[in-house]
Amino acid sequence: MLDNQVPPFSLDKPRHDTSTYVGRWCKFAELMSPKWLLLSSEQIQYSKQMLEDFRNGELSPGHISDAELWYHRQVYEAAVHPQTGETIPALFRLSAFVPVNIPICVGMLLAPPTLKNTIFWQWINQSYGAGFNYANRNASSEQDNLTILKSYATATVVSCTTAVGLGKMVKKAKRLSPSTRSFLGKMVPFVAVASAGAFNAVSMRFNEFREGIDIMDEHGEVHGRSVAAGRQSLGQVALTRIALPMPILLLPPYLFGVMQKNIVMPKGKYSKLTAELVVLTLCLWGAMPSAVALFPQTGTISASSIEEEFQSRVDRHGQPIRHFMYNKGI
Numbered sequence: 369m370l371d372n373q374v375p376p377f378s379l380d381k382p383r384h385d386t387s388t389y390v391g392r393w394c395k396f397a398e399l400m401s402p403k404w405l406l407l408s409s410e411q412i413q414y415s416k417q418m419l420e421d422f423r424n425g426e427l428s429p430g431h432i433s434d435a436e437l438w439y440h441r442q443v444y445e446a447a448v449h450p451q452t453g454e455t456i457p458a459l460f461r462l463s464a465f466v467p468v469n470i471p472i473c474v475g476m477l478l479a480p481p482t483l484k485n486t487i488f489w490q491w492i493n494q495s496y497g498a499g500f501n502y503a504n505r506n507a508s509s510e511q512d513n514l515t516i517l518k519s520y521a522t523a524t525v526v527s528c529t530t531a532v533g534l535g536k537m538v539k540k541a542k543r544l545s546p547s548t549r550s551f552l553g554k555m556v557p558f559v560a561v562a563s564a565g566a567f568n569a570v571s572m573r574f575n576e577f578r579e580g581i582d583i584m585d586e587h588g589e590v591h592g593r594s595v596a597a598g599r600q601s602l603g604q605v606a607l608t609r610i611a612l613p614m615p616i617l618l619l620p621p622y623l624f625g626v627m628q629k630n631i632v633m634p635k636g637k638y639s640k641l642t643a644e645l646v647v648l649t650l651c652l653w654g655a656m657p658s659a660v661a662l663f664p665q666t667g668t669i670s671a672s673s674i675e676e677e678f679q680s681r682v683d684r685h686g687q688p689i690r691h692f693m694y695n696k697g698i
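Here the working numbering runs 368 ahead of the position in the sequence shown, where the first position is 1.
Worth flagging that the hints you see were computed from the coordinates, not collected in a lab. For each residue, glycine too, the CB sits at the ideal point set by N, CA and C. One should not assume that every hint holds.
Quick list of simulated restraints, FRET-style, between CB atoms [said to hold, decoys possible]:
1. L514 x E454: 20 to 26 Å
2. P546 x N513: 46 to 52 Å
3. S639 x T482: 22 to 28 Å
4. A479 x S547: 18 to 24 Å
5. Q373 x P546: 51 to 57 Å
My request is simple: use the sequences and hints to build the entire structure.
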């Protein structure tokens with residue numbers, strides 16, 4: 369991309385206007401590119417070093433373009449945890465979301481709704497969700513391994529119990545018309561995944577709710593840990609997990625029905641499966657940025673809304689701090 373097509377580089381300001389939903393959507397859509405899955409450790413370390421050299425003023429003018437610097441920042445944001453500085457495992461980066469979830473969604477939507485299939489795919493989904501939540505957590509509030517294991521087990525039990533229980537309720541609702549039972553049956557995976565997804569996120573990151581998270585001023589200086597900020601952050605994450613499966617699990621069955629009624633759906637076994645996979649993939653690709661863009665990754669909270677000890681803080685210039693910032697995670 370040419371330099372005149374990109375804004376001047378900044379380490380602190382985002383390339384897109386993340387104060388708007390569209391700006392946040394564009395940011396997360398870029399981070400979901402599958403190309404970030406192919407990054408080597410050397411590429412990631414090189415980008416980290418280039419950004420560090422820029423921060424320290426060690427890059428001479430004209431040595432590197434704005435477009436190149438934005439690229440290095442994208443590499444960093446796509447593959448590195450913003451608080452720990454550690455490389456996020458490729459499987460749990462945003463760029464892995466679509467490739468990993470395609471087989472999971474196929475299993476949930478297209479596999480026969482037997483008890484074994486329901487439990488198996490809910491377990492797979494919650495296992496991946498637990499790893500994703502942990503890899504993209506707020507790292508200022510850590511949990512021990514036993515707590516993480518308990519949270520994972522509880523979330524998995526909740527999802528499987530919800531899916532199986534709702535499925536049985538729908539089958540026993542004999543008074544309902546076949547079309548109504550069919551509709552409710554299609555809702556079961558969504559309700560199970562949405563409720564368990566929110567529960568999974570809260571469970572895996574419960575320390576943020578109980579002990580709080582680090583809050584910073586606009587200069588990046590940490591002023592302590594706020595429980596109020598942790599609860600606001602976790603509430604936003606839970607809402608994201610509820611919104612995430614809507615277009616993934618509710619939209620495809622509707623689109624499949626429309627395609628069949630309008631004779632657009634191929635009749636051959638493999639061509640039909642291909643068409644269903646294309647629809648699922650498109651829904652997946654649109655769902656993730658649409659959900660995580662609901663709230664900024666760097667959240668803000670009014671000083672008057674948090675603990676009293678923070679309400680009279682001043683920044684390095686002696687100015688009263690009106691709003692604090694925190695890393696929400698994904």
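Range hint compliance [Cβ, Q373 to P546, 51 to 57 Å]: 55 Å, holds
Cβ distance range 46 to 52 Å for P546 and N513, holds or violated: 48 Å, holds
Distance restraint hint 18 to 24 Å, applied to the beta-carbon atoms of A479 and S547: 22 Å, holds
Range hint compliance [Cβ, L514 to E454, 20 to 26 Å]: Cβ of L514 to Cβ of E454: about 22 Å, so the range 20 to 26 Å holds.
Distance restraint evaluation - S639, T482, Cβ atoms, bounds 22 to 28 Å: Given a distance of about 26 Å, which is inside 22 to 28 Å, the answer is holds.
Violated hints for the displayed structure: none, as all numbered hints are satisfied.
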